[in-house]
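These are the residues of each chain, in order.
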Amino acid sequence: MTPMIALLTLPLLAALATIALPRRARAAAAGIGAGATLLAAIWVAVVVWRTGPMDLMLGGWQPPVGIGLRADGLSVALGVMTALVMSAAVLAARFEHATTGPGPRIAFGIWPLILLLWAALNAVFVSRDLFNLYVGLELISLSAVALVAISGKAQAVAAGLRYLLFALTGSLLYLAGVVLTYSAHGMLDIDLLAARTPVPTDALALGLMTAGLLAKTALFPFHVWLPPAHAAAPAPASALLSALVPKASLLILVRLWFEAMPDMATAASLLTLGGLGALAVVWGGVLALVQARLKLIVAYSTVAQLGYVFLAFPLAGGAGAAQPWSAGAWTGAMFQILSHGLAKASMFLTAGIFIAAVGSDRLGDLRGLARALPMTGFAFALSAITLMGLPPSGGFTAKYLMMTSAFAADQRGWAAVLVGGGLLAAAYLYRPMAALFSADIPAAPRAVPRRWQAVPLWLAALAVGLGLMSAAPFDLLQIGRPDIAAEGL
Amino acid sequence: MTANLPVLILLSSLLPAIITFFIPQDGHALRNSLNLGGAVLKLGLIIWMLFAIADGTVYEASFALAPGLVILLRVDALALLFISLSGTLWFLTTIYAIAYFGGKPELSRFFGFFSLCVASTTGLALSGSLISFFIFFELLTLSTWPLVAHKQDKPSLAAARTYLAYALPGSATLLVAIIWLESSTGPVLFTEPPDLSELDPVSLRAIFCLFIIGVGVKAAIVPLHGWLPSAMAAPAPVSSLLHAVAVVKAGAFGVVRVIYDVYGAENMASLGLSMPLAGIASVTILWGSVRALQQGEIKKRLAYSTVSQVSYIVLGAALASPLAMIGGLVHLIHQGLMKITLFFCAGIFDERAGVKRIDGLNGLGARMPWTSVCFSLGALGMIGLPPLAGFVSKFYLGLGALEAGAPWVLAVLAASTLLNAAYFLPLLYRLWILPAAADASGDERAPGLVVPTVITAAATIGVGLLAASPISPLGWARLIVTQGYGP
Chain A
1 MTPMIALLTL
11 PLLAALATIA
21 LPRRARAAAA
31 GIGAGATLLA
41 AIWVAVVVWR
51 TGPMDLMLGG
61 WQPPVGIGLR
71 ADGLSVALGV
81 MTALVMSAAV
91 LAARFEHATT
101 GPGPRIAFGI
111 WPLILLLWAA
121 LNAVFVSRDL
131 FNLYVGLELI
141 SLSAVALVAI
151 SGKAQAVAAG
161 LRYLLFALTG
171 SLLYLAGVVL
181 TYSAHGMLDI
191 DLLAARTPVP
201 TDALALGLMT
211 AGLLAKTALF
221 PFHVWLPPAH
231 AAAPAPASAL
241 LSALVPKASL
251 LILVRLWFEA
261 MPDMATAASL
271 LTLGGLGALA
281 VVWGGVLALV
291 QARLKLIVAY
301 STVAQLGYVF
311 LAFPLAGGAG
321 AAQPWSAGAW
331 TGAMFQILSH
341 GLAKASMFLT
351 AGIFIAAVGS
361 DRLGDLRGLA
371 RALPMTGFAF
381 ALSAITLMGL
391 PPSGGFTAKY
401 LMMTSAFAAD
411 QRGWAAVLVG
421 GGLLAAAYLY
431 RPMAALFSAD
441 IPAAPRAVPR
451 RWQAVPLWLA
461 ALAVGLGLMS
471 AAPFDLLQIG
481 RPDIAAEGL
Chain B
490 MTANLPVLIL
500 LSSLLPAIIT
510 FFIPQDGHAL
520 RNSLNLGGAV
530 LKLGLIIWML
540 FAIADGTVYE
550 ASFALAPGLV
560 ILLRVDALAL
570 LFISLSGTLW
580 FLTTIYAIAY
590 FGGKPELSRF
600 FGFFSLCVAS
610 TTGLALSGSL
620 ISFFIFFELL
630 TLSTWPLVAH
640 KQDKPSLAAA
650 RTYLAYALPG
660 SATLLVAIIW
670 LESSTGPVLF
680 TEPPDLSELD
690 PVSLRAIFCL
700 FIIGVGVKAA
710 IVPLHGWLPS
720 AMAAPAPVSS
730 LLHAVAVVKA
740 GAFGVVRVIY
750 DVYGAENMAS
760 LGLSMPLAGI
770 ASVTILWGSV
780 RALQQGEIKK
790 RLAYSTVSQV
800 SYIVLGAALA
810 SPLAMIGGLV
820 HLIHQGLMKI
830 TLFFCAGIFD
840 ERAGVKRIDG
850 LNGLGARMPW
860 TSVCFSLGAL
870 GMIGLPPLAG
880 FVSKFYLGLG
890 ALEAGAPWVL
900 AVLAASTLLN
910 AAYFLPLLYR
920 LWILPAAADA
930 SGDERAPGLV
940 VPTVITAAAT
950 IGVGLLAASP
960 ISPLGWARLI
970 VTQGYGP
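From first to last, the protein sequence lines stand for chains A and B.
Just so you know, we're using the working numbering here: the first sequence kicks off at 1 and counts up by one.
Just so you know, we're using the working numbering here: the second sequence kicks off at 490 and counts up by one.
Hint data in this document are derived by calculation from the structure and do not stem from the laboratory.
What you are looking at is a predicted structure, and each value in this text was computed from that prediction instead of being measured.
Take the hints with a grain of salt, since some may be wrong.
[Stated by the list, open to error] If you want the footprint, here are the derived chain B segments under chain A, 3+ residues with CB under 8 angstroms:
1) 549–558
2) 623–629
3) 644–658
4) 661–671
The C-beta atom is built at its ideal place from N, Cα and C for all residues, glycine as well.
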């Protein structure tokens, strides 16, 4: 119980400290807060690993009167991934500020916003109540929009406003669905809802909540806000926005469909979700292929990579007799969430280093930069391997598990999406790689300290390590996993 | 200990690879001793195991990833055949590469990926299950890319791009084939042939085609061979390794594994896949030779010759009669020795005499006798002159074709021999008979380049002369076929 409270309150306390403390102490406070929260996340994960899911009833009240929190395997896996990405982003932001000198807006605003975002993410990971999840989601959206617009440039503010529009529409749709659910059943706890007596309005409620969450997850065709927003933010913020923020709404979606209302799934709805995911993979990949700026390529790649997760809806279950494992597609999708988080954060942080070195992220300006920044070039290549889904990375484990389910369930069309998406990723990531590793000598790039370069390399190595050591995370994800994930929707 | 040996063999090239990346450019002594030390250690381990395996000991180590994904390293006779080749040639190529590059830039990157490439080949050879084979197969793709692109000039980068454009769809196809098969049969271990009765013949044929396409890209089976001739833009040591042990051999080895250890020769024949595959291999043999004839650049001619020669291995595997199997397996070694000799020589001609094209070879024989003799031995071996290595392979393939009831293969072998002669003999004629141009230069004052070449050239005679001995490649191939795959 204590570790969970620590996980939720430490980032909030640190956020307050970064506002209240004098200017010189702010960055240090953020660093200490990040370190402490990382330890808390690992602590929770260890407890869950050893003793199973951990429950916390706020105020001692049981649902439906009180609000329940629970850390299961999925929560803590996301919690640890988030903590790693957050700590890396805090470190990268400190090194960036030391090198390039941020404006006063960024220097003041970035720490409390990052930490507030972190607290809200942790809250969403463990909440079991639909309204509580809404509150968390709103906090995430607001701090994320502020991070997009923090530079104050016209372009960033415009991207932030567009993001805000989508996020608020999504929130309203989700809230409408929550209200419908509450008026029909008088409760919002996920476990209680699973045992409810279904009523006709449930389909509408689930549809509204899903639509709202899709808009926030930037699933095709609601993705238009994501690339400009993620490209406009400062690099450490982009890393959080792309790697973590869409994962919160995605997690709620998974919890809704697999835990709260699995009975509402129909063949058509699953096909729609999977189909939109497939379109996102293709469309995001195609658009990434034609971008001229690194950050936009990486941002469109997020649209494509999130699409894979949606294949879990039609593919879940479908256990073949020959499979030695169960819940392959569901676990594969969760692996995708984790490995994409690490790899994408690493990629945005490398983009930040390139921008610090040459002041631009146009592919033409990045030519030959890997010679001056070999560690960063290597980190980019490693995270590219994960995003392409090549072994032995975490992305490969994800694809392997999902593809096996597709074949075992005789739904081979989805396997084509997985294979084609991987090749498309190879194509769009090849362009920045070819630019970075070309023989051109860049015009005197600014020196970037090695410790800053090491940050994305660590994240990329973790993304690969997730595949190399996939047995433990696989087992962790099975703790408290809904049975439906194995049986299929 | 038995579990650790395969891991040690893998680490003997993996650890030097990882450490090399962190060695600064001017740390020549450390880098060279690390890479050579790893190669020597590996050779020692391989020789130790050669004796144990011949007695029937099995070394095995496994490492579990997510369920269904198990990396299984297992030393069987076939694996040992392949790692003996890669271990020996890695050692020689490292010596050659150290001399070749001298003080050129980015050496730590080069040797890091070079050793990584060898580590992937080793892992692929030692893989005891389909999925571990795939993982190392893909690692090989990734570690070879920086080697092909090493010079970072336009042709190298274009070649590297072409390489990936072929290799990545190829491995995606392989992954689909593996998952399709395993979704019905469960994880496939090479020791226990999977139960194929769950699948209908149409699916089995489709999966087989996907397998062959997947590994066929690396084996450069026509029409999937386009990347190989363009990859000769890479530095000479890379081409040598690529053509002799690493990439094309990995593909050919994959064909052998799929046919013998996944499908089984009998199933392949009863599904009616044997003769079509033999047909494709024959087309590749002839087409590669015809294209080789048309090339004016030495390395390009050698590259097309590789396209042709590697399909001998595929042909032997496809015919699947015991003698043809022996011919194919032994060619895995023989082609490696001959082709690495030829590419070593091509590199020396380029480095020491500035000769890239065939017409530059005129009269070089007198000026560079060692290299020219080695080149001639490699070329004559390729043509199949007894008692050189190539003769042994062709002889067994021919006998095997008759045994398999496919006498038309003899015509293919004969035509290929004539074509080999047609594209190699003019080179020898230029080297030894034609007078040198007035401004010709060239010397052999580079023992690091010449000595490895002489050793591999001597080996092409040795494996032919000593073919009857049990530890020769031929003896080993016989052992594999009689122990594992014999009727």
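Under a C-beta cut-off of less than 8 angstroms, do 3 or more residues of the segment 644–658 of chain B approach chain A closely enough to confirm the stated coverage? Coverage by chain A holds for the segment 644–658 of chain B (5 residues, Cβ < 8 angstroms).
Check of the segment 623–629 of chain B against chain A for coverage (Cβ-Cβ below 8 angstroms, three residues minimum): holds (count 4)
For the segment 661–671 of chain B, count the residues whose Cβ lies under 8 angstroms from any Cβ of chain A; is that count three or more? holds (count 6)
Cut-off 8 angstroms, C-beta pairs, minimum 3 residues; does the coverage of the segment 549–558 of chain B by chain A stand? holds (count 6)
Checked against the numbered hints given earlier, the structure satisfies every one of them.
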